[in-house]
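For reference, the chains in residue letters:
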Amino acid sequence: MTAATGIGARVLRTEDKRFLTGTGRYVDDLPLARATYAYFLRSPHAHAKIKSIDTSAAKKMPGIVSIFTGKDLVDAKVGGLICGWVVKDKHGQPHKAPPHPIMAVDTVRYVGDTVAMVVANSHDEAKDAAESIKVDYDVKPANIDLAKALDKGAVEVHAEAPGNLVYDWEIGVKADVDAAFAKAAHVTKLDLINNRLIPNAMEPRAAAADYDKGTGNYTLWSTSQNPHVLRLILSAFVLGIPEHKLRVIAPDVGGGFGSKIFCYADETMVCWAASRVGRPIKWTAERSESFMTDCHGRDHVTHAELALDKDGKFLAVKVATIANMGAYLSTFSTAVPTYLYATLLAGQYTTPLIYANVRAALTHTAPVDAYRGAGRPEATFVIESLVSKAAAEMKMDAAELRRKNFIPSNAFPYQTPVALQYDSGNYPPIIDEAMKIADYKGFEARRAEAKSRGKLRGIGFSSYIEACGLGPSRVIGQLGGGVGQWESAQIKFNPTGNVQVLTGAHSHGQSHETTFAQIVSDKLGVPMEQIEVVHGDTATTPFGMGSYGSRSLAVGGSAIMKASDKIIAKGKKIAAHLMEASVADVVFEQGTFKVAGTDKAVPLGAAVFAAYVPHNYPLEELEPGMDENAFYDPSNFVYPAGTQICEVEIDPDTGEVEVVAHTAVDDFGNIINPMIVDGQVHGGIVQGVGQALMENAVYDKATGQLVSGSYMDYTMPRADNVPSFKLGNKVTPCPHNPLGVKGCGEAGAIAAPAAVMNAVHNALAPLGVKHVEMPATPLNVWQSIQGARHAVAE
Amino acid sequence: MTISVGMTVNGKSVSGKVEARTLLVQFLREHLGMTGTHVGCDTSQCGACVVHVDGKSVKSCTLLAVQAEGAKVLTIEGLAESADKLHPMQEAFRENHALQCGFCTPGMVMSAIDMVKRHDYKLDEATVRRELEGNLCRCTGYHNIVKAILAAAPAMKSAGV
Numbered sequence: 001m002t003a004a005t006g007i008g009a010r011v012l013r014t015e016d017k018r019f020l021t022g023t024g025r026y027v028d029d030l031p032l033a034r035a036t037y038a039y040f041l042r043s044p045h046a047h048a049k050i051k052s053i054d055t056s057a058a059k060k061m062p063g064i065v066s067i068f069t070g071k072d073l074v075d076a077k078v079g080g081l082i083c084g085w086v087v088k089d090k091h092g093q094p095h096k097a098p099p100h101p102i103m104a105v106d107t108v109r110y111v112g113d114t115v116a117m118v119v120a121n122s123h124d125e126a127k128d129a130a131e132s133i134k135v136d137y138d139v140k141p142a143n144i145d146l147a148k149a150l151d152k153g154a155v156e157v158h159a160e161a162p163g164n165l166v167y168d169w170e171i172g173v174k175a176d177v178d179a180a181f182a183k184a185a186h187v188t189k190l191d192l193i194n195n196r197l198i199p200n201a202m203e204p205r206a207a208a209a210d211y212d213k214g215t216g217n218y219t220l221w222s223t224s225q226n227p228h229v230l231r232l233i234l235s236a237f238v239l240g241i242p243e244h245k246l247r248v249i250a251p252d253v254g255g256g257f258g259s260k261i262f263c264y265a266d267e268t269m270v271c272w273a274a275s276r277v278g279r280p281i282k283w284t285a286e287r288s289e290s291f292m293t294d295c296h297g298r299d300h301v302t303h304a305e306l307a308l309d310k311d312g313k314f315l316a317v318k319v320a321t322i323a324n325m326g327a328y329l330s331t332f333s334t335a336v337p338t339y340l341y342a343t344l345l346a347g348q349y350t351t352p353l354i355y356a357n358v359r360a361a362l363t364h365t366a367p368v369d370a371y372r373g374a375g376r377p378e379a380t381f382v383i384e385s386l387v388s389k390a391a392a393e394m395k396m397d398a399a400e401l402r403r404k405n406f407i408p409s410n411a412f413p414y415q416t417p418v419a420l421q422y423d424s425g426n427y428p429p430i431i432d433e434a435m436k437i438a439d440y441k442g443f444e445a446r447r448a449e450a451k452s453r454g455k456l457r458g459i460g461f462s463s464y465i466e467a468c469g470l471g472p473s474r475v476i477g478q479l480g481g482g483v484g485q486w487e488s489a490q491i492k493f494n495p496t497g498n499v500q501v502l503t504g505a506h507s508h509g510q511s512h513e514t515t516f517a518q519i520v521s522d523k524l525g526v527p528m529e530q531i532e533v534v535h536g537d538t539a540t541t542p543f544g545m546g547s548y549g550s551r552s553l554a555v556g557g558s559a560i561m562k563a564s565d566k567i568i569a570k571g572k573k574i575a576a577h578l579m580e581a582s583v584a585d586v587v588f589e590q591g592t593f594k595v596a597g598t599d600k601a602v603p604l605g606a607a608v609f610a611a612y613v614p615h616n617y618p619l620e621e622l623e624p625g626m627d628e629n630a631f632y633d634p635s636n637f638v639y640p641a642g643t644q645i646c647e648v649e650i651d652p653d654t655g656e657v658e659v660v661a662h663t664a665v666d667d668f669g670n671i672i673n674p675m676i677v678d679g680q681v682h683g684g685i686v687q688g689v690g691q692a693l694m695e696n697a698v699y700d701k702a703t704g705q706l707v708s709g710s711y712m713d714y715t716m717p718r719a720d721n722v723p724s725f726k727l728g729n730k731v732t733p734c735p736h737n738p739l740g741v742k743g744c745g746e747a748g749a750i751a752a753p754a755a756v757m758n759a760v761h762n763a764l765a766p767l768g769v770k771h772v773e774m775p776a777t778p779l780n781v782w783q784s785i786q787g788a789r790h791a792v793a794e
Numbered sequence: 001m002t003i004s005v006g007m008t009v010n011g012k013s014v015s016g017k018v019e020a021r022t023l024l025v026q027f028l029r030e031h032l033g034m035t036g037t038h039v040g041c042d043t044s045q046c047g048a049c050v051v052h053v054d055g056k057s058v059k060s061c062t063l064l065a066v067q068a069e070g071a072k073v074l075t076i077e078g079l080a081e082s083a084d085k086l087h088p089m090q091e092a093f094r095e096n097h098a099l100q101c102g103f104c105t106p107g108m109v110m111s112a113i114d115m116v117k118r119h120d121y122k123l124d125e126a127t128v129r130r131e132l133e134g135n136l137c138r139c140t141g142y143h144n145i146v147k148a149i150l151a152a153a154p155a156m157k158s159a160g161v
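Quick mapping for you: the protein sequence lines, in order, are chains S and D. Taking this note's numbering, the leading residue of the first sequence gets 1, the next gets one more, and so forth. Taking this note's numbering, the leading residue of the second sequence gets 1, the next gets one more, and so forth.
Each hint should be verified, as a subset may be incorrect.
Restricting the straight-line Cα-Cα distance to at most 25 Å, the calculated cross-link-like pairs of lysine-lysine (DSS-like) are [unchecked claim]:
{"hint": "1", "chain 1": "D", "residue 1": "K157", "chain 2": "S", "residue 2": "K17"}
{"hint": "2", "chain 1": "S", "residue 1": "K436", "chain 2": "S", "residue 2": "K395"}
{"hint": "3", "chain 1": "S", "residue 1": "K134", "chain 2": "S", "residue 2": "K49"}
{"hint": "4", "chain 1": "D", "residue 1": "K17", "chain 2": "S", "residue 2": "K127"}
{"hint": "5", "chain 1": "D", "residue 1": "K12", "chain 2": "S", "residue 2": "K17"}
{"hint": "6", "chain 1": "S", "residue 1": "K404", "chain 2": "S", "residue 2": "K183"}
{"hint": "7", "chain 1": "D", "residue 1": "K85", "chain 2": "S", "residue 2": "K17"}
{"hint": "8", "chain 1": "D", "residue 1": "K147", "chain 2": "S", "residue 2": "K436"}
To spell it out: a stretch of chain S is covered by chain D in this simulated footprint if at least three of its residues, at any positions, have a beta carbon under 8 Å from a beta carbon of chain D; those stretches are [unchecked claim]:
{"hint": "9", "stretch": "17-24"}
{"hint": "10", "stretch": "505-518"}
{"hint": "11", "stretch": "709-715"}
Examples of chain S residues lying across from chain D (beta carbon under 10 Å, computed) [as the list claims (entries may be wrong)]:
{"hint": "12", "residue": "D28"}
{"hint": "13", "residue": "M202"}
{"hint": "14", "residue": "G679"}
{"hint": "15", "residue": "V689"}
{"hint": "16", "residue": "N721"}
{"hint": "17", "residue": "S724"}
Hints in this document: simulated from the structure, not taken from any laboratory. Fair warning: this is a prediction, and the values are worked out from it, not measured in the lab. By construction, the Cβ of each residue, glycine as well, lies at the ideal position given by its N, Cα and C atoms.
Produce the complete structure using the sequences and hints provided.
Pasting the structure below:
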């Protein structure tokens, strides 16, 4: 509409006022009369047989309402949790799918596995009583070390998955890739670990449920990124409560980053128990529980090789990865290290031949599933580490080697050898812009200056590709996904002309209330303050798939565009009637229907009013009302791409790495609100820097205890661990969605780890350091430096 | 066993009966229904629960309710002058897109105000980043929070708050 609020404008956020004045409403804030409080007793062992559970003392504690154990679920014939994506192995067999009990029955399989649910009049009473439950465990050896999880003789996590193998999957033709390697002038080899991360949205997971005895209806409030999908899973696969009798509400949700996509034991139990307890139940995870039981991310052990000809042209890539699934298969876990990982191994390059083998392994650790980027950061880290290492080995400039292998701008749509067809892109101007912003030319002078201060300065590139906004649904189905990947929208005008925009997407920080309103404002000419975006309630919004995988704008925004088109089409008919004109002659401009070449005009608001007060209205041909919905199924993924350049300084005496500059230039297609997009990039970069330098989920290899189980042990990036960032953008609009947009939510986290680690390696290269694993903590870097010095000395 | 406790919260006298172990944040959220102050961790690390007690920023998960007996407590709910007039720090957070999911925001804002005052309205980026070490944010990457605090410092001075 106007430049001030339309598409492309830096509009301040609608949602801010409530968050800034303490009036946001998160699940734990919910006032529920007569509420009870749940506390979950969790396994202190990584692997044990449960010989007995004695709740008799706990039941006598003050304030106790009920105690449930896994046996109660068995008696009630409640099924287990599900994995919703069937990955077929290289022989065409579906993945091994061991049962996932909501609460452990006879065996616990990770530290944090749910053993009992205590419901009491207060949280403290529930927790006190849980301490009095006596569980007799027969502790067994645990399978913790991923690198050895598939070895012969490893302790088996589930009898249904012999040797702990969930699947042995491959993509590409190995013989062709091997032949290309045989002819290569140079081969770069790399062994790496993609470190295990704990998502750590600042709001811990929470659930509350209420059962209405009169109607038989359940209401479940959950910190969910996708309330409709949660309801579908609970209804169709887990609890059997019919969808129309279960309302799921995800109100304000304090961050997700993937970890709130999944159907967990806790919310399932809270919902199931609500009707048995006969009072509402509230549960909020303590942070220690979040560390133990939120689905973790990443956790790969990988060997990768890149074959190049003598000029540095990429000939082939081969990758072998073991991916950790944890103790049970979480909701979408199987897809992450396959279709969201190996299909990205072409990166931005013309590499003609790629082969990847992925073996998914069970271990006695928390389930692993999608975390910001989900597979794509892992792929980018492999490829961008290989490319920078190859450049160093071949004594070529890291930017030049990338440029030499970029998919040419005139080659789109571009079919990669790993299934994806990139719809659009233009990579060289992105890296040019990034190098300009980062002052690449001035780097050697900065390195010399740093050296004069005793610091080692390094620079690193990461040119990432992302495939997000998944779809079409047909393809997702062919790949084994159990759900569609469309999105819904409903545009509901009120008689007075203001409008509710209902979306099946869900905002937990992404700013949909602002961005989606901007689209509608721009398209329909309605002022921002007259638009309300509604999301997160299965009772009020159309069925939708929720928000993850940078899909909300590309898919959900497109659905809003489709619904807007329907509003305009209907409005034209009404306006034609009011203006006594032919529909074909009516145009819609800036919120007003006009007859071209005349001064006849009907504002949209007048057409809306006529639709609700249809006194002068073509009722024979047209229904009253102005309320349109749309479902949008994308014809392809979208493919954001960009380059990040990181500069670090390392203190060789302490091993401390400081990120001194970090540049990101992205192509997200058309931008709706640059302020919001930049914010997404900032946050993503810091999660990537966190992975590279600080964060690591560590299990004790002997006992399976989670060593990094609090903010005192798991180092989340803080403000003084990162600099301010320099951002730029280039635009190649997406050719297949109506907004021309790509996704921006995950890019920062996808590209950053490789940029940081390439900078670390670049800085340490003069000392002869060959490889540093993530996270490059001071100890890790210092040890690498000492190792290299010893190697030189010998 | 319960203990009576009384204090002033956002200018109003409040009282209640609490357990000895009840934390100030529990008293605010569960007894007074003031849910603007959040709980993001259980080790006093995240800062989502920061409020002002007698003018100083305090992690309300690290203070017993009874320790705040007689104190003047200011929470995020009591910060704005009116529904239409936000505190300059709240305004700066909005202007600079310094919040996304909003969960760490109340603690960030309360810490930031105290920081500005302790530094006599004079701050630079390095100081802001160092001073924020008690507050975690997972969404913003801190970039815009730092910008907001630097912008708010002179605005607070000229507003005399």
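Hint by hint, here is what the structure shows:
{"no.": "1", "hint": "K157(D) / K17(S)", "verdict": "22 Å, holds"}
{"no.": "2", "hint": "K436(S) / K395(S)", "verdict": "22 Å, holds"}
{"no.": "3", "hint": "K134(S) / K49(S)", "verdict": "14 Å, holds"}
{"no.": "4", "hint": "K17(D) / K127(S)", "verdict": "20 Å, holds"}
{"no.": "5", "hint": "K12(D) / K17(S)", "verdict": "23 Å, holds"}
{"no.": "6", "hint": "K404(S) / K183(S)", "verdict": "19 Å, holds"}
{"no.": "7", "hint": "K85(D) / K17(S)", "verdict": "11 Å, holds"}
{"no.": "8", "hint": "K147(D) / K436(S)", "verdict": "24 Å, holds"}
{"no.": "9", "hint": "17-24", "verdict": "holds (count 8)"}
{"no.": "10", "hint": "505-518", "verdict": "holds (count 4)"}
{"no.": "11", "hint": "709-715", "verdict": "holds (count 3)"}
{"no.": "12", "hint": "D28", "verdict": "7 Å, holds"}
{"no.": "13", "hint": "M202", "verdict": "4 Å, holds"}
{"no.": "14", "hint": "G679", "verdict": "5 Å, holds"}
{"no.": "15", "hint": "V689", "verdict": "8 Å, holds"}
{"no.": "16", "hint": "N721", "verdict": "8 Å, holds"}
{"no.": "17", "hint": "S724", "verdict": "5 Å, holds"}
In this structure, none of the earlier numbered hints is contradicted; all agree with it.
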